[in-house]
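**Q** Going down the list, the sequences are from chains A and B. Residue numbering for the first sequence follows our numbering, starting at 1 and increasing by one per position. Residue numbering for the second sequence follows our numbering, starting at 1001 and increasing by one per position.
Rather than coming from a laboratory, the hints here were simulated on the basis of the structure. Virtual Cβ for every residue (Gly too), placed ideally from N, Cα, C. A couple of the hints might just be wrong.
[To be verified] Label-pair distances were calculated between CB atoms; the ranges are: (1) B:Gly1212 / A:Leu196: 56 to 62 Å; (2) A:Leu28 / B:Gly1142: 36 to 42 Å; (3) B:Gly1142 / A:Arg149: 33 to 39 Å; (4) B:Glu1075 / A:Ile104: 50 to 56 Å; (5) A:Leu28 / B:Leu1100: 36 to 42 Å; (6) B:Lys1041 / A:Leu196: 43 to 49 Å; (7) A:Met181 / B:Gln1070: 49 to 55 Å; (8) B:Tyr1088 / A:Gln121: 54 to 60 Å.
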Amino acid sequence: MWRDIILAFRHRAELFNPLIFFTMVIVLFPFAFGSDIGLLNRVMPGTIWITALLATNLSLEGIFRSDFDDGSIEQIILSGYPLTLLVIAKITAHWCLTGLPLIIIAMFTAFLLSFPEHVLQTLFFTLLLGTPVLSLIGAVAVALTIGLRSGGMLLSLIILPLYMPILIFAMLAVENKMAGMSVDAELYFLSGMLVLAMTLAPLATASSLRIRMS
Amino acid sequence: MKPLNTTYNNAGKATGESGFEVSGLECIRQDIILFQDISFKLQSGDLLQVDGVNGSGKSSLIRILAGLMQPSAGEISWRGRNISECRYQYQKEMSYIGHLNGVKNTLTADENLEIMKALSGSPQSIPLSEVLAKLELGGMDGITLNRLSAGQKRRVGLARLLVTNSKIWLLDEPFTSLDSSGKSVIEQLIVEHSLQGGITVFSTHQPVEIEGCSIRHIHLGKK
């Protein structure tokens, strides 16, 4: 069941575009700011996170867009399984296909830019906890805006403010780590957001989809 | 064409409980009353054709019957229970084919049928190759749907009916973009379904040649 959905996603070239976008933007920054390691080390975590937000934003429509266009979404709603479960499967697939590779690319580029190792570790944890939240919150907004003519723009306007708390806590964690302080509080906060999003977002997505289809 | 060996979860003939009952259905869209006070009762083996001009609410009626849309008023019950109360159970026994085929263009016919089967949750096992052969879609291994014609895609979409093995078929314009042989294949399927005790509601504005069972009609729009 889950495999089918992942399979359906795997067949799309457009999946790679956000990832390439992500890599490109991160690579562009050192060109813009020069090779001052001290400056780069301060700017790059934020860059990586903002780019991750934008790349996720780009890829979000893919969760339901093609299903909406070809009518699969009707069949998914009418299947004999609870819609919330199927939505969870779709969001998981989305995260595996964007969030996960994004983390790997981020780690790789940060490594290339000779990031201090202990900060790299914190960055990794913030991304690991944060990107699933991005997919989860994003799914709700996509389900709400799907099929609207100017849906893409509206989607960004709805989503980006909602992403702010995650960005704030992720950045706090990285900054604290750089200053040599504990990051437990921030990571717990991010975990809390993840748990909250995991519990509520699939339900909200499922009901938004039902509303959009009627 | 030999009939497929299908068995339904509840193969018994209609009793008072097992029917599909619609009462006082009303649909209002954009402040226009599309239809009101529609009532009918369908038992095992019944066939209902929804007629009406464009915009008379045929699709809306079928979407409401499928549970995709809420009616403005009225009630739909299946086996004596309102369909919103037993949503998943109803959905397991019902197949809806709308204007859109609900198939993935980037997958092959086989892969699409696999997904349909997984989604339907039906344990039955008609070999998928048999389904494809029945719809004259054989010999297309490895060809993704975006390289097939509109009629062939429609056939893959309609293959859902055979894969899911449900008792109620709700078909919105099933004959769109099918050629005459495709149309007669589907007509044949509907007849077989009806003879096996299934219920079919379909809308079309093409003349239908269905022999062997009687069709009831419902007219929407101005008379």
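**Q** State for each hint whether it applies.
**A** Verification of the supplied hints:
1. B:Gly1212 / A:Leu196: 56 to 62 Å: 58 Å, holds
2. A:Leu28 / B:Gly1142: 36 to 42 Å: With Cβ atoms ~41 Å apart, the hint holds.
3. B:Gly1142 / A:Arg149: 33 to 39 Å: For Arg149 of chain A against Gly1142 of chain B, whose Cβ atoms are near 37 Å apart, the range 33 to 39 Å holds.
4. B:Glu1075 / A:Ile104: 50 to 56 Å: Holds: the Cβ-Cβ distance is about 53 Å, inside 50 to 56 Å.
5. A:Leu28 / B:Leu1100: 36 to 42 Å: Holds - the Cβ-Cβ distance for Leu28 of chain A and Leu1100 of chain B, about 40 Å, lies within 36 to 42 Å.
6. B:Lys1041 / A:Leu196: 43 to 49 Å: For Lys1041 of chain B and Leu196 of chain A the Cβ distance comes to about 47 Å; the hint holds.
7. A:Met181 / B:Gln1070: 49 to 55 Å: Given a distance of about 54 Å, which is inside 49 to 55 Å, the answer is holds.
8. B:Tyr1088 / A:Gln121: 54 to 60 Å: With Cβ atoms ~44 Å apart, the hint is violated.
The structure is inconsistent with hint 8 alone, although it conforms to all the rest.
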